[in-house]
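Chain Z is fixed; fit chain S onto it per the hints.
Top to bottom, those sequences are chains Z and S.
Residue 1 is where the first sequence starts when you use the working numbering, and the numbers rise one by one after that.
Residue 1 is where the second sequence starts when you use the working numbering, and the numbers rise one by one after that.
No lab work stands behind these hints: they were computed from the structure.
On a predicted model such as this, the values are computed, not experimentally measured, just so you know.
Worth double-checking, as some hints may not be accurate.
Unchecked claim - Derived DEER-like restraints, expressed as beta-carbon distance ranges:
1. Z:D147 with S:K149: 26 to 32 Å
2. Z:K143 with S:R290: 20 to 26 Å
3. S:A85 with Z:E3: 38 to 44 Å
4. Z:T121 with S:L113: 23 to 29 Å
5. Z:D126 with S:V121: 54 to 60 Å
6. Z:E2 with S:Q84: 38 to 44 Å
The beta-carbon is built from N, C-alpha and C at its ideal position, and this holds for glycine as well.
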Amino acid sequence: MEELMRIEGLKMYFGGLKAIDGFDLSIYKGETLGIIGPNGAGKTTLFNAICGVYVPTAGKVIFEGKEVQGTPAHEMAKKGISRTFQISKPLSGLTIFDNVVAAAGVHEYTGIRSYFHKAHTKDVEDRAEEVIREVGLAEVANKKASDVSLGYLRRLEIARALITQPKLIMLDEPCAGLSNFAINEITQLILNLKEKGQSIVLIEHNLPITMKVCDRITVLSYGKKIAEGTPEEVRTDKQVIEAYLGEEDD
Amino acid sequence: MSSAYLYSILATAAIFTLLALSLNIITGYAGQAMMGIAAFFGIGAYTAAVITTNGGHFVLGLLAGMLMAGVCGAVLGVISLRLQADFLAITTIGINFVMVAVFNRLKITGGTLGLTVKKPVLFGVRMNNKYFFYMTVVLIIILCLLLVKMRRSWFGMALASINNDPGAARSFGINVNRYQILAFTIGSAVAGLAGGIYAHRMGFISATDFAFVVSIQVVSMVVIGGLGTLRGPIFGALLISSLPEILRFADDYRELVYGLLLVLMVRFMPQGLIGEDSPIWLLLTKIWRRFFPKKKTRADLIAESAKGGGH
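Chain S extracted, bound-state conformation:
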């Protein structure tokens, strides 16, 4: 395997990892059904591409893509307030199809012919797959650090509460509507960022790159890895991205394999392969704990003291 080929696979995997993490913010943390992430991936891609083809800087393009996808995500967030689980899922599917139609029709997006995007120059080097890969990895690391901080903050607590029970969340002061809109905005903005990188790494984009199938592929990544964890979507994205290489022989049936995997996972292992409480993850933690005993949390200490107290 040549290194250029390897980096092309790695760059794609990294971009989809970013995309999986973006979906995880909306569906994993905030618990909102989202089956149309590719629409926002596309909005970011086209916005960034239009900016750079008109002479804008690559970084400006990425930021504009993020902003545009974020604004559109906020609109979807407002819509989501009136929709419950299944209806929201169907609505987001619809939005995906509408956006593909829009990309196909608009003059600025190149219509059905698509858009050719020049490879950008960053810090004096023309970006190739290798640089796109490293750049995306840096962004993934930054995002992960931000997400770790989020989960420990009141913001993370609010999303976790809404995910578990919106009624209870309201009863202790959480403005559910506001946080739901924020989750859609942030998640969509990250998807838009991934889109901007994707457009420039590919050099050419057309509406089919952002079709519903892509949304499902990202959902598969998140669900197969483990919804609502940080490790799950990353693992899922790497796994699904490398599947085409592993499943070379079954190239024509790739989508069938995704679909089958998704159905089997949801039926038999809804926590995902390495998600919270998945058998595999529990086993791994058990082995890990042998060497590195668990640091007792405050909750553990309280429980122990109560049991020691003669209960």
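Pulled out of the complex, with its shape left as it was, chain Z reads as follows:
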């Protein structure tokens, strides 16, 4: 399998707090990798350190053979690493359709020159429509993002990430706060992406879903990797059980 991204000895410290403390990981093309761990394990911080929201304290992030750690978030999107947010960040004043169009401009935001290029071209609108239908946002396409429910906002996060045509899509708890019915729909959506060969990193609290969709799972606890392997291996790992349920008393 071809390696898409490699993380070597990643550290993210905030003063004395070691949120990520020496983390290694390889992500391969076409795989779905799950990152799980108890609350506060550092999952979202790891995403932020990889995606350029934070500059890592130490370590390397190698994407397609090039070191990219510390590259600003907007450059990461252009390189083909697209992420969604655990807490949805819709452009509330814009319609769902325009939200997706805005993300379609990933390579168009070139500063003053972008003034001379129209956003709503036929090509962009066609692509936006395709993605909107794919993720199931069509019925609310003309609604303002402030007027739709959380389920749609979660899909919007995925739609905006998809339209940038990412080489790697990083989903931060796409099912957080959703009903079982909506969770099933999002799970199906992720499975569809997987089928198309999309490389995916998924942070998810819901273990059954992670087990169902992921090829491999990495378990994070207190900023360190405590286990890695197939869902089956991770499920039976003693350290993982301890991290989630606590140690057994003698």
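Chain S alone, transformed into the frame defined by chain Z:
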């Protein structure tokens, strides 16, 4: 009402419309708090005045005023990167006060005595209020056309995204810092242009013309009209500029009225009188749609086809 008097009111209204549109670029489109637009209005005014009193051409003065205000705006843009909403608002208030002090102290700005500016000659005619009015209206129209084009471009999309959520904007490739600085630069440059015209139309400027009260007046125009729309600031500027005429009887309490209006608007109608989603504007569009049905957008068509598809 004599026509000279009418044109003097119209010229002032037009200049403030330009100023309101400049603030709208920074606060309305890019969503950055700016409570000191008068500082940049002043920088443009003094720069233009100094150029023309030293023998420079009026147009050169205006361009220099724009450039100077734009450069200062860019500096503020850089500062703004480290400041969030309320802190940015307070900082810009501070900058306004500092600039007034600077205008009062510098020799080149005439200190507390102010600066007398000769009426310029353009195309062989000595400019009076009438010409200043027409000239400013032409500039407003050009600016509006440029802004309409901006809103349809990726540039406009970037500003709208930053205004709504900078974090999301970064996630799809928008260099938030760069666009924020650009918004401050462009907005301040337009304010500087308005300042250059103002200085020459008045014939005399002093630091009090660019005091914090003026900034608040411009904020009132934009907020009362409707932040982030093109029509809002224009309407607001015309309304507030004509208030002194309407409120003749309450002349001494004018600032009180502005303040009260601003507070009431922000509390009860934050969208502005004719802003996006304001009740008045929704009603007007509803009536308008009766005669001219809305052309369906791509988004409408997608939504309709989905609902028709048995959802």
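Tested hints:
no.	hint	verdict
1	Z:D147 with S:K149: 26 to 32 Å	holds (28 Å)
2	Z:K143 with S:R290: 20 to 26 Å	holds (23 Å)
3	S:A85 with Z:E3: 38 to 44 Å	holds (43 Å)
4	Z:T121 with S:L113: 23 to 29 Å	violated (56 Å)
5	Z:D126 with S:V121: 54 to 60 Å	holds (55 Å)
6	Z:E2 with S:Q84: 38 to 44 Å	holds (43 Å)
Taken one by one, the earlier hints fail for this structure only at number 4.
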